[in-house]
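Colleague: Residue numbers (numbering that gives the first Met the number 0), protein chains in the order written: chain F, 0 to 169; chain L, 0 to 456.
Do not rely on the hints blindly, as some may be mistaken.
Quick partial rundown of chain L residues pointing at chain F, CB under 8 Å, derived from the structure [to be verified]:
| hint | residue |
| --- | --- |
| 1 | THR5 |
| 2 | THR7 |
| 3 | ALA9 |
| 4 | ASN12 |
| 5 | GLU14 |
| 6 | ASP17 |
| 7 | ARG126 |
| 8 | ILE127 |
| 9 | PHE128 |
| 10 | LEU148 |
| 11 | SER181 |
| 12 | GLY183 |
| 13 | LYS433 |
Listing some non-contacts, in silico: residues in chain L with all C-beta distances to chain F over 12 Å [to be verified]:
| hint | residue |
| --- | --- |
| 14 | ARG21 |
| 15 | ARG123 |
| 16 | ILE156 |
| 17 | TYR158 |
| 18 | ARG180 |
| 19 | THR295 |
DSBU-like cross-link-like pairs, simulated, lysine-lysine; straight-line CA separation at most 35 Å [as the list claims (entries may be wrong)]:
| hint | chain 1 | residue 1 | chain 2 | residue 2 |
| --- | --- | --- | --- | --- |
| 20 | L | LYS422 | F | LYS23 |
| 21 | L | LYS422 | F | LYS125 |
| 22 | L | LYS422 | L | LYS204 |
| 23 | F | LYS125 | F | LYS87 |
| 24 | F | LYS125 | L | LYS312 |
| 25 | F | LYS165 | L | LYS422 |
| 26 | L | LYS312 | F | LYS87 |
| 27 | L | LYS204 | F | LYS23 |
| 28 | F | LYS21 | L | LYS312 |
Hint data in this document are derived by calculation from the structure and do not stem from the laboratory.
C-beta atoms are modelled at their ideal positions from N, C-alpha and C, and glycine is treated no differently.
This is what each chain is made of:
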Amino acid sequence: MANTKLMGLFQDPEQAAGAMTKLKEDGFPVEDLDVYSGSPFPEGSFGEHEPEMRLFMFPLVGALVGFAIGLLWTAGTQISYPLVTGGKPLLSIPPMTIIMYENTMLGAIIFTVLGVLFESRLPRRKLGLYDERITEGYIGIIVDCPEERATAAETALQGAGAEEIKREEG
Amino acid sequence: MYYRRTLTDAQINRELLDVVLRTPVWWVVIVSILGLIVAGAASAFGFMMNQGLGVTGLQQPIFWGFFITNFIFWVGISHAGVMISAILRLSQAEWRRPMVRAAETMTVFALMTSLLQPLIHAGRPWRIFYWVFPYDWARGIWPDVRSPLVWDPTAIITYLTSSSLFVYTALIPDLAIIRDRSTGWRRTVYGILALGWHGNPRQWKLQGIAGILLSALILPVFVSVHSIVSWDFGVSLVPSWHVTVFAPYFVIGAVHSGVSAVVTLMILMRKLYKLENFIWEEHIDAVARLLIVVATAWLFFFWLDLVFALWLKEEQEMTVWHLRLFEPPWSWLFLAFIVFSYIIPVPLWMFRRVRRSFTWMLWTSLMVNVGMFLERLIIIVPALMRKGPWVFTYDTYRPSAVEVTLIVGSIALVALLLMLFSKFFPLIPIWEEKEGQKLIDEVKVGDRVVPALVKEH
Numbered sequence: 000m001a002n003t004k005l006m007g008l009f010q011d012p013e014q015a016a017g018a019m020t021k022l023k024e025d026g027f028p029v030e031d032l033d034v035y036s037g038s039p040f041p042e043g044s045f046g047e048h049e050p051e052m053r054l055f056m057f058p059l060v061g062a063l064v065g066f067a068i069g070l071l072w073t074a075g076t077q078i079s080y081p082l083v084t085g086g087k088p089l090l091s092i093p094p095m096t097i098i099m100y101e102n103t104m105l106g107a108i109i110f111t112v113l114g115v116l117f118e119s120r121l122p123r124r125k126l127g128l129y130d131e132r133i134t135e136g137y138i139g140i141i142v143d144c145p146e147e148r149a150t151a152a153e154t155a156l157q158g159a160g161a162e163e164i165k166r167e168e169g
Numbered sequence: 000m001y002y003r004r005t006l007t008d009a010q011i012n013r014e015l016l017d018v019v020l021r022t023p024v025w026w027v028v029i030v031s032i033l034g035l036i037v038a039g040a041a042s043a044f045g046f047m048m049n050q051g052l053g054v055t056g057l058q059q060p061i062f063w064g065f066f067i068t069n070f071i072f073w074v075g076i077s078h079a080g081v082m083i084s085a086i087l088r089l090s091q092a093e094w095r096r097p098m099v100r101a102a103e104t105m106t107v108f109a110l111m112t113s114l115l116q117p118l119i120h121a122g123r124p125w126r127i128f129y130w131v132f133p134y135d136w137a138r139g140i141w142p143d144v145r146s147p148l149v150w151d152p153t154a155i156i157t158y159l160t161s162s163s164l165f166v167y168t169a170l171i172p173d174l175a176i177i178r179d180r181s182t183g184w185r186r187t188v189y190g191i192l193a194l195g196w197h198g199n200p201r202q203w204k205l206q207g208i209a210g211i212l213l214s215a216l217i218l219p220v221f222v223s224v225h226s227i228v229s230w231d232f233g234v235s236l237v238p239s240w241h242v243t244v245f246a247p248y249f250v251i252g253a254v255h256s257g258v259s260a261v262v263t264l265m266i267l268m269r270k271l272y273k274l275e276n277f278i279w280e281e282h283i284d285a286v287a288r289l290l291i292v293v294a295t296a297w298l299f300f301f302w303l304d305l306v307f308a309l310w311l312k313e314e315q316e317m318t319v320w321h322l323r324l325f326e327p328p329w330s331w332l333f334l335a336f337i338v339f340s341y342i343i344p345v346p347l348w349m350f351r352r353v354r355r356s357f358t359w360m361l362w363t364s365l366m367v368n369v370g371m372f373l374e375r376l377i378i379i380v381p382a383l384m385r386k387g388p389w390v391f392t393y394d395t396y397r398p399s400a401v402e403v404t405l406i407v408g409s410i411a412l413v414a415l416l417l418m419l420f421s422k423f424f425p426l427i428p429i430w431e432e433k434e435g436q437k438l439i440d441e442v443k444v445g446d447r448v449v450p451a452l453v454k455e456h
């Protein structure tokens with residue numbers, strides 16, 4: 000059965016929060032509801048689904064990758080052309096740590112940004128159901144539901160005071 | 000007590016995207032002037048490449064002059080941007096909102112300009128690649144990782160990449176705002192850059208986490224970069240350079256000059272882009288108070304640097320300090336440096352009226368950076384300008400017209416890049432301003448309505 004996506008546009012955040020409550024009361028699972036806004040609202044303002052994330056893994060993996068590259072670079076270049084200076088050990092640890100430290104941090108930062116994009120489900124090729132007024136302060140309430148429940152969702156959105164309802168067939 | 004104007008999302012969009020969505024005449028005039036100065040500097044660089052480093056004031060035994068001074072100066076400026084942004088984001092300071100983007104962007108452009116300086120200084124820039132890549136691929140002779148000439152590019156490239164990613168990540172929601180306000184090819188370009196941003200709770204939550212997580216990761220990098228720059232000096236055998244206090248001294252000096260540059264930038268932005276609704280006296284006041292602490296900490300490290308030298312009573316060390324303190328022109332430059340960096344601005348910043356005056360803060364912050372440029376020059380040149388072993392000819396350092404042109408060009412380049420950035424992206428984070436408007440809470444006391452967050456600043 001094909002799904003339908005509906006978006007109700009609200010100028011007033013209170014009405015949008017009311018729409019979310021009504022939709023949940025009408026039996027629409029919270030995972031199938033989403034809220035689009037032009038700026039962040041305090042978490043839970045619309046009673047939205049609590050997202051699960053594993054962002055913390057990304058900087059850790061990145062740091063390990065960066066450290067490994069740093070070690071490979073500093074140790075590898077010294078071993079590949081051994082040049083003993085003053086009878087001292089070939090691998091000079093203190094300067095190696097400087098480069099390894101920078102690479103570790105660089106790896107952690109690059110992977111964090113990749114993690115943020117991945118967990119944000121970005122990039123997306125198409126905007127899909129969206130309205131430009133969202134970045135002007137409107138709130139978009141998205142309902143992803145089976146086709147036969149689309150009318151009920153539309154009624155709930157309209158009842159809550161949606162200025163406009165957009166529809167996208169899945 | 001302040002009363003800020005309540006703005007709607009549409010008003011914030013309109014005011015902060017004014018220059019992005021239309022091109023004012025003054026913007027074209029300023030960009031053209033800056034472009035001409037940069038072109039002049041590029042010609043001077045071309046002339047220097049053609050004629051050789053003989054056209055500069057560099058000569059035996061002074062091989063580090065204005066270019067290396069400028070390198071350290073711009074690395075220093077770049078520091079405060081991300082530092083201010085990262086610390087204010089981590090501490091969730093409300094007054095960060097109008098200044099973080101401009102500060103982060105200045106970091107990126109100042110760092111790019113600083114990277115150019117060693118390339119210029121090398122005279123033949125293509126030779127710089129020998130610092131990082133093998134001298135000879137066939138024989139596999141790599142540069143020595145024990146050399147600061149390898150540490151420096153590693154640290155600066157790490158910092159530049161991190162800062163650029165930091166700026167871009169926080170820019171994504173604003174790119175979506177511009178995408179929604181533009182048409183034609185601009186809409187396509189901003190659409191690609193915005194990566195399909197919708198602004199759902201998951202994305203907003205990640206934006207918040209990214210700001211804090213990246214801040215926490217960038218702060219140690221920021222400390223390491225200027226420490227490594229200081230080790231360019233510290234690991235050498237030049238008297239007055241191998242002081243153990245050099246790393247924190249350089250870091251705090253960078254913060255002093257960088258935060259002052261942020262103040263200059265904010266005041267100019269406010270005037271040029273008509274941002275009176277976003278940058279208030281309270282913001283400048285808050286940064287000025289931070290500057291008093293930073294400047295005093297910097298003065299302490301400067302004092303330690305001097306005390307360590309005098310305590311040891313090494314002949315070579317004393318010679319350098321004697322040159323810096325008592326022999327003109329260095330003694331005059333030294334006096335100018337300490338007066339501009341601390342003696343004039345800091346006592347002035349003690350007065351609330353000065354801290355809240357855009358004119359006073361503009362001039363005092365500019366004065367700090369003149370002083371801090373002189374500080375770097377005084378650290379470098381007198382230390383080299385002495386008769387050492389195997390030095391048979393020595394003279395003072397007089398920067399040539401080519402060097403002065405390139406220094407002026409570097410200032411124009413940073414300004415030009417900032418102006419170009421402001422044409423395509425908002426200098427104040429729009430989504431953060433909107434978030435700030437939502438968090439305004441007011442309390443009714445009698446017939447007055449006052450902000451609930453009295454201690455916001």
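Colleague: Take the hints in turn and mark each one as holding or not.
Modeller: Structure-based check of each hint:
1. THR5: Because about 13 Å separates L:THR5 from the closest Cβ in chain F, which is outside the 8 Å limit, the hint is violated.
2. THR7: Holds, because the Cβ-Cβ distance from L:THR7 to chain F comes to roughly 6 Å (cut-off 8 Å).
3. ALA9: holds, 5 Å
4. ASN12: Interface hint status for L:ASN12: holds (7 Å vs cutoff 8 Å).
5. GLU14: violated, 13 Å
6. ASP17: Constraint on L:ASP17 not satisfied, violated at 16 Å.
7. ARG126: Where the cut-off is 8 Å and the nearest Cβ of chain F is about 19 Å from L:ARG126, the hint is violated.
8. ILE127: violated, 17 Å
9. PHE128: Interface hint status for L:PHE128: violated (15 Å vs cutoff 8 Å).
10. LEU148: At about 11 Å, which exceeds the 8 Å cut-off, the nearest Cβ of chain F leaves the hint on L:LEU148 violated.
11. SER181: Because about 10 Å separates L:SER181 from the closest Cβ in chain F, which is outside the 8 Å limit, the hint is violated.
12. GLY183: violated, 15 Å
13. LYS433: At 3 Å from the nearest chain F Cβ, L:LYS433 passes the 8 Å test, so the hint holds.
14. ARG21: The claim holds: L:ARG21 sits with its nearest Cβ about 18 Å from chain F, beyond 12 Å.
15. ARG123: holds, 24 Å
16. ILE156: Given that some Cβ of chain F is not farther than 12 Å from that of L:ILE156, nearest at about 8 Å, it is violated.
17. TYR158: violated, 8 Å
18. ARG180: Contrary to the label, L:ARG180 does not stay out of reach of chain F, its closest Cβ about 8 Å off (not over 12 Å).
19. THR295: holds, 29 Å
20. L:LYS422 - F:LYS23: violated, 44 Å
21. L:LYS422 - F:LYS125: Answer holds: L:LYS422 to F:LYS125 is near 26 Å, not above 35 Å.
22. L:LYS422 - L:LYS204: Holds: L:LYS422 and L:LYS204 sit about 28 Å apart, inside 35 Å.
23. F:LYS125 - F:LYS87: Roughly 60 Å separates the two Cα atoms, so the pair is violated.
24. F:LYS125 - L:LYS312: Cα-Cα ~70 Å, so violated.
25. F:LYS165 - L:LYS422: Holds - the C-alpha atoms of L:LYS422 and F:LYS165 are around 34 Å apart, at most 35 Å.
26. L:LYS312 - F:LYS87: Holds: L:LYS312 and F:LYS87 sit about 31 Å apart, inside 35 Å.
27. L:LYS204 - F:LYS23: holds, 22 Å
28. F:LYS21 - L:LYS312: Since the Cα atoms of F:LYS21 and L:LYS312 sit roughly 81 Å apart, the hinted pair is violated (cutoff 35 Å).
Of the hints listed earlier, those the structure fails to meet are numbers 1, 5, 6, 7, 8, 9, 10, 11, 12, 16, 17, 18, 20, 23, 24 and 28, in rising order.
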